[in-house]
Amino acid sequence: MKTNEIVGKKIIDKNVKEVGKIAEMTFDTKTFKLTGIYGSTGNPISKKYHDIKPEDIMAIGDYLQVSVTKEDLMENTMEKIPQSEENHVKSSEIIGKKVLDCNGNESGKVSGINIDIDKQEITSLLLSKTSSFTKTEEAEIEQDEITGFGDYILINKVLEFVNDKKDDEKEEETQEGQEAEEDEEKVNININ
1 MKTNEIVGKK IIDKNVKEVG KIAEMTFDTK TFKLTGIYGS TGNPISKKYH
51 DIKPEDIMAI GDYLQVSVTK EDLMENTMEK IPQSEENHVK SSEIIGKKVL
101 DCNGNESGKV SGINIDIDKQ EITSLLLSKT SSFTKTEEAE IEQDEITGFG
151 DYILINKVLE FVNDKKDDEK EEETQEGQEA EEDEEKVNIN IN
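For the sequence shown, this note's numbering begins at 1 and goes up steadily by one.
Each hint should be verified, as a subset may be incorrect.
[To be verified] Using 30 angstroms as the maximum straight-line C-alpha spacing, the simulated DSS-like pairs for lysine-lysine come out as follows:
id, residue 1, residue 2
1, LYS47, LYS9
2, LYS98, LYS135
3, LYS157, LYS90
4, LYS70, LYS97
FYI, nobody ran anything at the bench for these hints, they're computed from the structure.
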């Protein structure tokens, strides 16, 4: 499941009461484990946030079900979501990060995060790259291909986007077609 499919889901407490909506998720950049979910309540002007620990998560489907009560969550209400700390980063801060390949070249930007709900960890990152013709190309990076995480994300390979091959093949076909046209335009004249 993608994080953008989870953010915005309603949160239901153990007494089957609606608590709020998921506002943000945080992950450990070393282990890729989910470190927390922030729920929000109230309107945009007076919004309050509460921290939901991974161990309090019972299920994530159409709703997030937690094993604590609304009152328990409201005891730790915050005015805003805390800043990211050392190895813990918000999902919204991962989206848009530049990814560099093993040759130091930019491979694209993170456009999505896939997570395994049962293991509560990132399984892969989705990358997008805009080509010269403004077509968006996409690729997927598995968790074990990520070697570094900071201002940029480093991976241990060079990505080949689906459209890269197609563009090269089209270019070759165009060159072959031009050569064939040139051959057709040549006229052999024998003067004896």
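Would the pair LYS70 and LYS97 pass a check requiring their Cα atoms to be no farther apart than 30 angstroms?
-> Not satisfied, since the Cα-Cα distance of roughly 35 angstroms exceeds 30 angstroms.
Distance restraint between LYS47 and LYS9, which requires alpha-carbon spacing of 30 angstroms or less = holds (16 angstroms)
Is the straight-line distance between the alpha-carbon of LYS98 and that of LYS135 30 angstroms or less?
-> Holds - the C-alpha atoms of LYS135 and LYS98 are around 18 angstroms apart, at most 30 angstroms.
Satisfaction of hint between LYS90 and LYS157, Cα-Cα up to 30 angstroms = holds (25 angstroms)
Violated hints amount to a single one, hint 4; each of the other numbered hints is respected by the structure.
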